[in-house]
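So the sequence lines, in the order shown, correspond to chains A and B.
In this text, residue positions in the first sequence follow the numbering used here: the first is 1, and each later residue adds one.
In this text, residue positions in the second sequence follow the numbering used here: the first is 253, and each later residue adds one.
Treat the hints loosely; a few may be bogus.
Claimed, not checked - Straight-line C-alpha distance at most 20 Å; calculated PhoX-like pairs for lysine-lysine: (1) A:LYS148 <-> B:LYS268; (2) A:LYS148 <-> B:LYS355; (3) B:LYS335 <-> B:LYS355; (4) B:LYS355 <-> B:LYS378; (5) B:LYS370 <-> B:LYS340; (6) A:LYS148 <-> B:LYS335; (7) A:LYS187 <-> A:LYS42; (8) B:LYS341 <-> B:LYS268; (9) B:LYS370 <-> B:LYS335.
Just so you know, these hints were derived from the structure itself, not from any lab.
Here is how the chains run, residue by residue.
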Amino acid sequence: MLDAFQEFFRELAQTNPKWNFIYLYDPVQTERVLTGLWMTIKLSVICVALSVVIGVVGAWLQGSPIKWLRMLVQGYIQFFRNTPPLVQLLFFYFALGQFTPTYAPDGWVEVPVISNVGWAILSLSFFAGAFNVEIFRSGIEAVPDSTKEAADALGMNRLQIYRYIVLPLAFRVSLPSLNNNLVNLVKTTTQAIVIAVPELLYQLVSIYNDYSTAQNACMVLMFIVYIVLVGILVMGMNKWERGMRIPGYGQN
Amino acid sequence: MSETEWTPDQPIVSIKDVHKSFGDLEVLKGVSLDVMKGEVICIIGPSGSGKSTLIRCINALNDIQAGSIQVEGLEVNTTGLDKLALRKKVGMVFQQYNLFPHKTALENVMMAPLLVLKQPEEEVEKRARALVKKVRLEGKEDSYPGELSGGQQQRVAIARSLAMNPDVMLFDEVTAALDPETVKEVLVTIKDLAAEGMTCILVTHEMGFAREIADHIYFTDRGVIVEHGPPKTFFKSAKDPRTREFLSQIL
């Protein structure tokens, strides 16, 4: 069965040299695609989680009474929102990477503490996190002062009001925009290719550099994978949104 | 320090010469009044007269520039105010109910005792159910605020305040946002409370209700108390022309 499947694509590549689905019949190339896919999934999941944390913390700091903290958050947002993520990746890896300490795991070769994958995770998380801060801020601002005042009048402190009243309500307001930003983040992980992170795009480009006939087949796969990956994310987010819906509140 | 010994024969809420401004606008220009334990007082007056501001000041939701407000001997107008101590003494119900929309009626009532008083959940739930029953909302425990009518929401808000076991309840125009037919159910709830001996301070436009329930009525206009007295004499023989004009418009 599997043999027949592989045989079909091997023959297709011979009869139609423009459609060489090499990763479907050459186990070495299959392996490259799978490791690339795994790296893309890891990057996406870690960056999504980190960027959401950055967003929540940043939005909280923005409401801080300490002026320089608010300015710090504002500066962070301006920097990461106003510069291209591709440039950020290059800057983090090549510029900041020079100043981070190194260590020698095998006693011989010095390697930096933060690898290129590490820099990609940091850079992309902070990039998406900057947008998430603004997204959560808009949600937080949508919670009426009178609701917070009622919590205050019941004796809740600032942290309790934030955690039990403001955040749960703000989250519901923020979810649709958050959804959009996370979709963008997953797609932006492909840019990690510029610092040689072996994610899916990197692996597929390597494959068609080695086998130029595989170019079209690689691009097709690229689209399919991202449609499926982002589709799963959006489905999950929509389910979450429905699960958090409050009866009789907002749109039903 | 800021808390002096209080005995029930002294006013439970004592307001002395309170001044409050928002920027250049002076809203309260020296207001004084005393409320004894178990008393029900109603503050009436034209809009913008400072009556809502006054009761918000009692709960330190607004600060004051001068004067003194004491609740059971606790001075509200100090920088080192122990807000939590004040919150435990004073409950407040707002015009717009301000329920937590993501919590059910029962959860709304349970929240503060759990988070603020750190009481055990079982005990809190038992008391919350009793309170929901008391405001005549049995069966609505698991409804969200969005599923309740205005009058029902306001009664949940009253139960939510009562869950903190306050000694004084403040009602800030609690029926002003309600449909006429639901006003009554909220007023009945407040009447029950007053009958049980709860000290209540109400800002209201319901003159009939004020006449029926209040021990004492205060009429405010432009930041001062113009006239006050027990309802019988207040409504029949108001002396000040401003009071008479207001009453003639509203009755």
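In rising order, the numbers of the hints this structure does not comply with: 1 and 3
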